[in-house]
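Number of protein chains: 2
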Amino acid sequence: MLESMLAKAKTAQRVLAATSGQERNRVLTAMAALVLEAADAVLAANQEDVAQARAEGLSGALLKRLELDRGKLRALAEGLEAVARLPDPLGRGQGVRQLDNGLRIEAVHVPLGVVGLIFESRPGVALEAVGLTVKSGNAIILRGGHEALHSNRALVGLWRQVLEQEGLPQDAVQLIDSPDRQWATALMHLRGLDLLIPRGGAGLIETVVREATVPVIETGVGNCHLYVHAAADLDMAVHILRDGKVGNPAVCNALETVLVDRAIAREFLPRAWERLSADGVVFHGDAETCALIPEAVPATEDDWRREYLSLDLAVRVVSGPEAAIDHIARYGTGHSEAIVTNDYAVGQAFLKQVDAAVVYWNASTRFTDGFQFGLGAEVGISTQKLHARGPMGLEALTTIKTLAYGQGQTRDL
Amino acid sequence: MLESMLAKAKTAQRVLAATSGQERNRVLTAMAALVLEAADAVLAANQEDVAQARAEGLSGALLKRLELDRGKLRALAEGLEAVARLPDPLGRGQGVRQLDNGLRIEAVHVPLGVVGLIFESRPGVALEAVGLTVKSGNAIILRGGHEALHSNRALVGLWRQVLEQEGLPQDAVQLIDSPDRQWATALMHLRGLDLLIPRGGAGLIETVVREATVPVIETGVGNCHLYVHAAADLDMAVHILRDGKVGNPAVCNALETVLVDRAIAREFLPRAWERLSADGVVFHGDAETCALIPEAVPATEDDWRREYLSLDLAVRVVSGPEAAIDHIARYGTGHSEAIVTNDYAVGQAFLKQVDAAVVYWNASTRFTDGFQFGLGAEVGISTQKLHARGPMGLEALTTIKTLAYGQGQTRDL
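Listed in order, the protein sequences are those of chains H and R.
Residue numbering for the first sequence follows this note's numbering, beginning at 1 and increasing consecutively.
Residue numbering for the second sequence follows this note's numbering, beginning at 1 and increasing consecutively.
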């Protein structure tokens, strides 16, 4: 089944690649309008999913992520319009070079081709991610979680309706319309798929990265650290720590661990505890932390590894920069790491030696985000090193094609 | 075993990443000198491989690829010196951006980390490829073919000697010192390896791409086409065809198939045959070609798919641009494709619709090459779309790290 979906996607993509930016933008704005027009049908489909999920015992944050309402649909529609307003990522060149023999070569941005997306829960992804792929001239094959099947069906149906209205092939957007796990596995091995992006929890991402033989971009798992150096401005450090932990604990650029120099632990930790405990933060500390903060829960090895995504915070006292950098090298996920210090040499060493997508000096990790970085819209945040690293804008959905204009140049004759 | 090699490589790479370009260049120039100094030992090791390969029945081009001599070593040493003279690919930034809140963010090039290389025959790869990885601050784990084990051992031994001399960790360059196939398989699944590059024949590359779960860059397989349009300058077309087929048939940017418009086939094919048959080229033609060129061998489906790497040429008569583009979409490997035409609209459509790393208009496919493109030295030619496409220079062995300089900026507080 997937081979035939891929073949249809490739054919559709060739048509999409030949369209102008204007035509692709028209698809997005038409979809933004249709989503609001068809809101009743979308919300009814979504309520089927929600009712079933409730029956299966889903609740709290997970149920909230699954549920759509008019406000969310309006925001998603506005998001599509915003993407339509972004500059066209296609066709832009990197400058012509003329070789000595007169051959002119020029690398230009073209679509990747067919993108696969495996995602969980949030049906809004079927609007956001598809908007980005259509804008960048790619076809997409979606595989959502079984819990959102009705919602995803409704939304993908609208995309296909809009594509047809605009005279473009429907198969540029296809949904794997079955909850069976075998299709996710098959998608991970679908030779010819240009890119597979997993969006969801750490378990899903780990499975895809470990199993897939098609090109994957690993996104989103952030075990982010703040290192408070002996020469830190402690007020700034508390402020940055609080922003990273309390601002929005459920996101990947939130802080999970703070590393504190022994020299200032006795001064810093009580201040941090006073401020953050008022917000409901729980400290999971090593022995030295627990000695200073009696309310702290003793940390285990697992606490250094976990992405809590909650008001929990791992706290460790370290001997200095080297120990902090070692800890991050061992437990970090290469997402966002920060230091607070006023020491020039220590700050420079931290920036140089810490291996992560974004490394901050005296600022919050919460800025690792496509909108914050001025990319406009975000495909995800890559924590791998190939192709894209950090916040991925539309350009991450393109590749380079070199065009060469000659007058009969040959190499060996 | 591989997990411990990887751990040692990571530790060594952190040291290498902290070196200056000058220090890394010194390793390359010292190695260039040592290779010539130790030529006797290297050639003796190589002769062991050659003797064994002969005993196993290897001959011709394959044996020639395996064999080293003083001239080849001298050329390889000069290659290392040339790489040392290239600009440092590390540290270069893409320009600072200052966000509205004053946070300054800057993306800079940093090493990928640990690169794996699976290669066949040519022991020179253990000089060229290692030179590029050391220059770009990466550690490398090599897995060569069993036929070159003694040669690879000797060369990797010299690299480690030079690294030690220069005060750098030897484990930046490691060889999997066993001919057992299980290690190649293990390398393809070594979680934490930042990049795996296969260098060798189509079989090796296909195996790695199909099996590997670590990030791979697919290189080198080129089923390249020349399309001779009805409005072509036929002299130019013959010249470009001959350059692509006869210049150096054993390389990936050589031509394998020519597609000829029906309208000019009767004029073009006899001229092409007259010129190329004198060079020893064999035509494998479709029915129309065979009717015009009685000496042509009838082509089968297999001929459209094959990368001959020899003086064989597949020849097909097509109805026009659409049929030519369809043929290329079906059989091409996304490497290099060319059209000869003086028709503006047809040339533009070909450049736009053909999906390949490099698309040529009135020029030979033989220019797809790192040196020709002015990159100086080449890691390989990527035929995939993620990270790198086409000739890969030193920059393809780097990734981006974003450095963010703040004064206490927070996002939500």
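No wet-lab data here; the hints were simulated from the structure.
All C-beta atoms in this analysis are idealised placements derived from N, C-alpha and C, irrespective of residue type, glycine included.
Don't take each hint at face value.
Stated by the list, open to error - Facing chain R, from chain H, some residues (calculated, C-beta under 10 Å):
hint : residue
1    : 89
2    : 92
3    : 94
4    : 95
5    : 153
6    : 185
7    : 194
8    : 212
9    : 327
10   : 355
11   : 362
12   : 372
13   : 374
14   : 376
15   : 408
16   : 413
Hint by hint, here is what the structure shows:
no.	hint	result
1	89	violated, 14 Å
2	92	violated, 14 Å
3	94	violated, 12 Å
4	95	violated, 12 Å
5	153	violated, 30 Å
6	185	violated, 13 Å
7	194	holds, 5 Å
8	212	holds, 7 Å
9	327	violated, 14 Å
10	355	holds, 7 Å
11	362	holds, 4 Å
12	372	holds, 7 Å
13	374	holds, 7 Å
14	376	violated, 14 Å
15	408	holds, 4 Å
16	413	holds, 5 Å
In this structure, the earlier hints numbered 1, 2, 3, 4, 5, 6, 9, 14 are contradicted, and the remaining ones agree with it.
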